[in-house]
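J.: Heads up: the protein sequence lines correspond to chains B and L, in order. Quick note on numbering: the UniProt record's numbering labels position 59 of the first sequence as 59, and the sequence is numbered without any gaps. Quick note on numbering: the UniProt record's numbering labels position 426 of the second sequence as 426, and the sequence is numbered without any gaps.
Treat the hints as calculated values from the structure; they're not laboratory data. Since this is a predicted model, take the numbers as computed values, not measurements. You may find that some hints are simply not true.
Quick look at which bits of chain L chain B covers, simulated, 3 or more residues with Cβ under 8 Å [what the hints assert, rightly or not]: (1) 89 to 97; (2) 141 to 153; (3) 213 to 223; (4) 257 to 267; (5) 357 to 366.
Label pairs and their in silico Cβ distance ranges [claimed, not checked]: (6) B:118 with L:212: 30 to 36 Å; (7) L:324 with B:126: 51 to 57 Å; (8) L:382 with B:120: 53 to 59 Å; (9) L:382 with B:125: 52 to 58 Å; (10) B:61 with L:86: 25 to 31 Å.
Backbone N, C-alpha and C define an ideal beta-carbon position, used for all residues, glycine too.
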Amino acid sequence: MAMGSSRALLILSNFKFKPTVSFSSSSSSSKSFPSFIRNNFRTRNFSAETSSSLQPPDLPRLAETARISLAPNEVEEFAPKIRQVVGWFGQLQAVDLDNVEPAIRADTEGDNLREDVPETFENKEALIASVPSYKEPYIKVPKVLNKE
Amino acid sequence: MTVGRLLSLKVSVFLSSVPVSVHKQTGRILHVRNGVLYCTMKSSQSQTATQEKQQPPKVKVPQHALKKTVDKITRDYEAIIGIETHVQLSTLTKAFCSCPYNYGSQPNTSICPICMGLPGALPVLNSKVIEFAVKLGLALNCKLSLNSKFDRKQYFYPDLPKGYQISQFDIPIATGGYVDLDLPLEFGGGHRKFGITRVHMEEDAGKLLHSGNGAQVDLNRAGVPLLEIVSEPDMRTGIEAAEYAAELQRVVRYLGISNGNMQEGSLRCDVNVSIRPIGQSEFGTKVEIKNLNSFSSINRAIDFEISRQALLLSEGQGDQIVQETRLWEEGAQKTITMRKKEGLSDYRYFPEPDLPEVILTQEYVDSILKSLPELPEMKRRRYENMGLSMQDVLFLANDMNVAEYFDETLSSGADLKLAANWIMGDIAAYMKNEKLSINEIKLTPKELAELIASIKGGTISGKIGKEILFELLAKGGTVKGLIEEKDLVQIVDPVEIGKIIDKVISENPKQLEQYRGGKTKLQGFFAGQVMKLSKGKANPGLLNKILLEKLNAKN
Numbered sequence: 001m002a003m004g005s006s007r008a009l010l011i012l013s014n015f016k017f018k019p020t021v022s023f024s025s026s027s028s029s030s031k032s033f034p035s036f037i038r039n040n041f042r043t044r045n046f047s048a049e050t051s052s053s054l055q056p057p058d059l060p061r062l063a064e065t066a067r068i069s070l071a072p073n074e075v076e077e078f079a080p081k082i083r084q085v086v087g088w089f090g091q092l093q094a095v096d097l098d099n100v101e102p103a104i105r106a107d108t109e110g111d112n113l114r115e116d117v118p119e120t121f122e123n124k125e126a127l128i129a130s131v132p133s134y135k136e137p138y139i140k141v142p143k144v145l146n147k148e
Numbered sequence: 001m002t003v004g005r006l007l008s009l010k011v012s013v014f015l016s017s018v019p020v021s022v023h024k025q026t027g028r029i030l031h032v033r034n035g036v037l038y039c040t041m042k043s044s045q046s047q048t049a050t051q052e053k054q055q056p057p058k059v060k061v062p063q064h065a066l067k068k069t070v071d072k073i074t075r076d077y078e079a080i081i082g083i084e085t086h087v088q089l090s091t092l093t094k095a096f097c098s099c100p101y102n103y104g105s106q107p108n109t110s111i112c113p114i115c116m117g118l119p120g121a122l123p124v125l126n127s128k129v130i131e132f133a134v135k136l137g138l139a140l141n142c143k144l145s146l147n148s149k150f151d152r153k154q155y156f157y158p159d160l161p162k163g164y165q166i167s168q169f170d171i172p173i174a175t176g177g178y179v180d181l182d183l184p185l186e187f188g189g190g191h192r193k194f195g196i197t198r199v200h201m202e203e204d205a206g207k208l209l210h211s212g213n214g215a216q217v218d219l220n221r222a223g224v225p226l227l228e229i230v231s232e233p234d235m236r237t238g239i240e241a242a243e244y245a246a247e248l249q250r251v252v253r254y255l256g257i258s259n260g261n262m263q264e265g266s267l268r269c270d271v272n273v274s275i276r277p278i279g280q281s282e283f284g285t286k287v288e289i290k291n292l293n294s295f296s297s298i299n300r301a302i303d304f305e306i307s308r309q310a311l312l313l314s315e316g317q318g319d320q321i322v323q324e325t326r327l328w329e330e331g332a333q334k335t336i337t338m339r340k341k342e343g344l345s346d347y348r349y350f351p352e353p354d355l356p357e358v359i360l361t362q363e364y365v366d367s368i369l370k371s372l373p374e375l376p377e378m379k380r381r382r383y384e385n386m387g388l389s390m391q392d393v394l395f396l397a398n399d400m401n402v403a404e405y406f407d408e409t410l411s412s413g414a415d416l417k418l419a420a421n422w423i424m425g426d427i428a429a430y431m432k433n434e435k436l437s438i439n440e441i442k443l444t445p446k447e448l449a450e451l452i453a454s455i456k457g458g459t460i461s462g463k464i465g466k467e468i469l470f471e472l473l474a475k476g477g478t479v480k481g482l483i484e485e486k487d488l489v490q491i492v493d494p495v496e497i498g499k500i501i502d503k504v505i506s507e508n509p510k511q512l513e514q515y516r517g518g519k520t521k522l523q524g525f526f527a528g529q530v531m532k533l534s535k536g537k538a539n540p541g542l543l544n545k546i547l548l549e550k551l552n553a554k555n
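Based on the provided sequences and hints, a complete structural model is requested.
T.: Here it is as structure tokens:
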């Protein structure tokens, strides 16, 4: 890859995850917290520099959760590429954030709200027509046993 | 048997011909045949060879002893209960699009590209959702986050059009609150305070109905705004949990943000239960229970689950308690395992890029705080301070409309206790019979106050009052009008009453003779006749006083 892959690897080895907000994990939400965050969790106020490298993504699991099918050779081919992309973003870790206030979101504009006034969508027939399998009045779907 | 021996007996129970692993298979703990419990008693002391060869003796234990046995076991454990509640908001439109939402409409008629998750459609937040969320956060005594955001909770399921649910993950709009409530007297009463961990905004999924070898999806409900309320694990019994849920219903109804109906699905509760031996600091394994459709099922499901876990632990089978989701089966009155999931869900939360930050100003929050109605807890305390009994307080403050009616009756000058009694007694009975809410009865609070005053002042008798109540409830009208129309004014002139009594006595010489001969019970007969003649208007107290004088007079 043209983008200094050796440099990406260097950055990758120093990768520290620094989320910008702290929170207490409640009983219900902690179980769904991705494992790499759980392992490397740091709050803004915690300035100790223990480095822990980011685990390379488990590509088969990633593909499974995204419902994308990958052949074994594709897994082999994509894994390093994905690692490189993550590493490329990892350059952001080099920025000194000590004097920067944590931001909740990246945008500067505030709310974009609408009034609570009902409006019927005009062309509902087109919406229904675009449903692959429709048996009036329901959308037909295959039987799914488990929620993911 | 000595007491010591009795205490060391381990009670193990099983169906007469089925091995001990019955708990997992049927979930049934105790077997009752012909109303009699069969259980086996096994001594925990080492058995002799002869004992091992023999079957342990079967003992018939009646059903009340069964409950006692279960109680005895559960008493050694402390239950830790937390509840997650989803409140469906009664906004006119969905959370992120302008589709209307009406419960019970024809499937897939309230849809648009946004709530169907079609490519290119973007969500726009309904301002009412923020307003309702702030109202609820304040009512639950929470700290509001003036800045919060939305996140995507990603998973695949047929009723989730976008493949993710827009929710709030790490920065909810409200945190750290509590509810105060009073337990009903029939369950021992008492005041409780339960913590609220967080309140956040999110959207509902569509409805998935299983049919045959496939399933069907209705997206009318997809995108409807929800508020999720997570409690601290502060509840300890089924009744505490049920009352917590009831209080949430009261609060959302008082606030007017939801009709909080468990049967309709506008109030949904999932309960988490774990138990630990008393004194232990580590929590036990947490079990989630779903499919609770009423407050009483919350109560019963939790009590069942506590018993199930306690029995397993007491028999050294604690490893049978696994972290899982169980369903409450209303018919069988037990919890059963759902299909076990492999591993935990990874929702891959990240900030929703299509929605800006939610920013609240302190002025906005203050204006909403000022606009809040008197909440259930404040009302209960106010009624208590006025001198009403706890029973009256709980009844009158339960339904906001009843409380308002009561308050209006009082402000029209009615006596406190009398107003409470009329509303809780005859009026409540009428509403129940006719299946009406207090807003639908024709008797106005002002007229109720008038009725109470008329009786208290002696204008009409209590009996007459009750009679015209029915007409006032059904047809309305004024008390004064009815009194005049039907000539109901009570007769309190002793001379006039005397005249009527004289007439009755003169018309019933035989009874008079019998009375004077010793049959004093006939006073009731005379009183009835006087009442009849006076068309019920004679003042009962005066009537009996004068009647007695005349009956006992010597000629």
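J.: Each hint needs a verdict: does it hold in this structure or not?
T.: Now the hints, each set against the structure:
For the region 89 to 97 of chain L, the assignment as covered by chain B holds, since 3 residues bring a beta-carbon within under 8 Å of that chain's beta-carbons and 3 suffice. Requiring three or more residues with a Cβ within less than 8 Å of a Cβ of chain B, the coverage given for the region 141 to 153 of chain L holds, as 4 such residues are present. Interface restraint, the region 213 to 223 of chain L with chain B: holds (7 residues with C-beta to C-beta distance below 8 Å; minimum three). By the rule of at least three residues with a Cβ nearer than 8 Å to a Cβ of chain B, the coverage given for the region 257 to 267 of chain L is violated, with 0 such residues.
Coverage of the region 357 to 366 of chain L by chain B holds. Counting CB-CB distances below 8 Å, 3 residues qualify, and the rule asks for three or more. Hint check: residue 118 of chain B to residue 212 of chain L, Cβ distance near 35 Å, so the stated range 30 to 36 Å holds. For residue 324 of chain L and residue 126 of chain B, the Cβ-Cβ distance of about 43 Å falls outside the hinted range of 51 to 57 Å, so the restraint is violated. For the pair residue 382 of chain L and residue 120 of chain B, the beta carbons lie near 45 Å from each other, so the given range of 53 to 59 Å is not met.
Distance hint check for residue 382 of chain L and residue 125 of chain B: the Cβ-Cβ separation is about 55 Å, which falls inside the suggested range of 52 to 58 Å. At about 29 Å, the beta-carbon gap between residue 61 of chain B and residue 86 of chain L stays in the expected band of 25 to 31 Å.
Comparing the model with each numbered hint stated earlier shows that hints 4, 7, 8 do not hold.
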